[in-house]
Amino acid sequence: MLNGLQLGLLMFLLAAGLTLTFGIMDLVNLAHGSLYMMGAYFAWTLIGWTDSFVLGALLALPAAFLLGIVVEMVVARRLYARDHLDQVLATFGLILFFNELVRAVWGPAGQSIAVPPFLAHTIEIMPGMLYPAYRFALIVVGAAVAIILAWLVARTRVGMLIRAGASNRRMIAALGINIELLFTLVFGLGAAFAGLAGLMAAPISSVKIGMGDDILILAFVIIVIGGIGSIKGAFVAALVVGQIDIVGRAFLPDLLKTFLSANAASTAAPAISQVLVYIVMAGVLVWRPTGLFGQRS
Amino acid sequence: MTRILFGIATIAALAFGLQPAMAQQTIKIGFISTFSGPQAVIGEDMRRSVELAKEHLGGKMGGKPFEIIYEDDQFKPDVGKARSEKLVQQDKVNFVSGYIWSNVLLASLKTVVEEGDTILIGANAGPSQIAGDLCNKNFFSTSWQNDQTPMAMGEYLNQKGVKSLYVMAPNYAAGKDMAAGVKRTFKGKIVGEDYTKWPDGLDFSAELAKIGAVKPDGIFIFYPGAHGVQFLKQYAQSGLKGKIPLYQVFSIDAITLPQQGELALGTLGAQEWVNDLPNEQNKRYVADFKAKHKVYPSFYGAQSYDAIMLMASAADALKGDLSDKNKVRAELKKANFKSLRGGFKFNTNQFPIQNFYIQETVKDAEGMMTVKTIATAVKDGKDSFYEKCPMK
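Respectively, the protein sequence lines represent chains F and C.
Just so we're aligned, residue 475 is where the first sequence starts under our numbering, counting upward by one.
Just so we're aligned, residue 14 is where the second sequence starts under our numbering, counting upward by one.
Excised from the complex, chain F in its bound form (with noise of 0.2 Å):
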C-alpha cells in the first residue's frame, strides 16, 4: 500500500507539471518527459559539483525552471494557436532533439544518483516489515507539492489568472494581464515539476536518455483518469493508477492461482497487471467521459 502511495505521488509530480501545461494552457506536450529526463541530468551534474544531495536537487529546480522558460519561448509560445497534431509534431521533435543533447552532453552511458547518505537506510514501518526511507522522503515531497499546488491554484492571484486564462485568454489579455508573460511562467513551472519528479526518481531508478519517454504515457493516462485540468484529479488519479499498479503485481498472480493453473496464472498476470491500468482509464470515460473531475468536455 505504501508502495502504491509513493508510486502514485512520484507519477504525481510528474501529472501535476502536465496538468498545468496540457490541461490549464491546452498544450499537447511530449516533451514534457524530456524535461523530467533534463531534471535528472541537470542534478546528477549539480549534486557532483556541490557534493550535496540536497544543494544540487535545490539548484536543478531553478535550472529546470529556466529550461522550461527558454523552452516556452522558442518552441511552445508558437503552438498555443495550432491544433493538436501540430503540437504533437512539434514537442515530440523536441523529444528527439533533448535525446540527442543528452547524448552529446553527457554521454551514451547513462548515470546514477546514490540516495542521500542520511536517507541510506531503512524505517521499520510495522514488526518484521521494513520500508526505505528514501521512498518514505519521496512520499513526503510529493504530499508536500500537492498541498503547495493547490494553495497556489486555488487560493492565490497568480492561480486565480491562470485559471481565467485557461478558460478565456482573450478576456484576461483584454484586462490588461501580461498573459503572454503569465503562461510562460506556468510552463516554467511545469517544467520544474518534471525535473522534480525527475530528480527525486533518480535514486530509484537511473538517468538515462529517454527515461521520460517510458512513463509520460501513464503521466497522460493520469491525467485523462483525473480529468483535463484538474490538480485535484491529476492527484487523486495519480494515487489510483500507484495502487492499482502495485496491487496487480503484488497480488493478482496469486489471485488467478485460486482458480487457473500456477503455470497459466504466472503468464496470465503480468500481461494483465500491465493493462489495468488502461482498462481502468476506460471504464472512467464511459461512466465519465470528462474524468473523475473534469469539468470541460
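The hints are simulated quantities; they were obtained by calculation from the structure and are not laboratory data.
Accuracy of the hints is not assured; some may be wrong.
Unchecked claim - Straight-line Cα separation of at most 27 Å, BS3-like style, residue types lysine-lysine; simulated pairs:
#1 C:K210 x F:K731
#2 C:K395 x C:K405
#3 F:K731 x C:K200
#4 F:K731 x C:K196
#5 C:K223 x F:K731
#6 F:K731 x C:K202
#7 C:K189 x F:K731
A quick note: this is a predicted structure, and the numbers were derived from the prediction, not measured.
Guided by the hints, dock chain C onto chain F, whose structure is given.
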C-alpha cells in the same frame, strides 16, 4: 590550366582506374550494432573491440587490407534489416557481423544468409530458433545460445546447494528465455516468479517486498543495461542485500558497473568470458583495451573481437581469396583462431562448444569495479537445440 587538367585526370583515375582495383584488394566487413539512443554504449564498446582486433591484426587478414563498415540498427528490427540489406547488396561485404538483439538478428537473418548468400557471424544475440530449426550454413556464432548462460547459473546453484529460488525477469521474449533457462537446470524449488513491465519498469518495490516475505535461499535476475542498475539500487534500498544473495545473468557487466558501483560488490553472475581468463590472447586484449579506454572491456566486446579473429583465421588459411564460399565456410568451421576464451569449437549448428564461468563482482587493485572468475559452472557446454538443426 595544367592544374585543372591534372585535377581532372586524378579524379578520373580515382573514379575509373584505381577504385575497382582497390575494391578487389580489400576485404569488406559489415558490422551492425546499436550506435544511437541509450543502448549506444554497448555498440560503442563493440566498436572499440573491433578496432582493437583490427590493430592487433595490423589492419590485414590473409595478406590483404580490410575495412569495416559500421551500421546502426537503432535498436529496431526493421532498421537492422534495412541496414543489413544495404551492406549485402550495395557494399557487397564479405562478412556481416555484430547484432546485439535477438529480434534484430531474426529480422535480418534471411536477408543476409539466404537472399544475399553472405556469411553472418553473430557476435551476441543467440535466439534458440537459429540454433535449432533455422540454423544455416552461412550463420556462425561467437557468443552463445540465449538459454546457455542461465542454464550454467542453474548448474552452479545446484553445486552450491541452493534449495529455493525466486526468479525475476522482464516480461518479454528474452526475459522468459532466461527464466526458462535457469529453471531447466536448477533442481531446487522455484518459490516465486515475477515478470515485470518492460521496458518502462521503474519500480520493483512490490516484488522485493514479496521476496522479503517468502525468504528464498536466493534471487535470480535478468535485467540488462539500465534496468540492472535500477534493480541493484532498489535491492539495496529494500534491505534485502546481505540477507538474500543475488544471482544474475547479463545484469552486471563492464558497461553497467561504473553506474552500479559498490552496490554490485559480491554479486555472482554466469558468463562464458571473464576479463581475467588466463590465456595470452585475453591478457593482451584486456591490457590493451584498458590502456586505451581506461575501462574494462565487456563480454560484448570480447565476442566481437573473437568474431573478427575468426574471419581472419579463414582469410589467412585461404591467403585472402574469399571467392569460394564453400572453402570459406569450411575454414570458419575449424575455428582455428585463438579465442579470448581459451577453448572454443563449433558444434554442428555452428554455435560454440565452450565453458561457462561464475564470476564475482570485486574491486581491483586500483579501486575499479570489475568481475573475477571464481568457478567453472559448465565444461564444454553445448546448447540444447543443436539436435533440431538439420546440419550434421
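Quick rundown of the hints versus the structure:
1. C:K210 x F:K731: 20 Å, holds
2. C:K395 x C:K405: 14 Å, holds
3. F:K731 x C:K200: The hint holds at about 23 Å.
4. F:K731 x C:K196: 20 Å, holds
5. C:K223 x F:K731: 16 Å, holds
6. F:K731 x C:K202: Status holds; Cα separation ~18 Å.
7. C:K189 x F:K731: This hinted pair holds, its Cα atoms lying about 19 Å apart.
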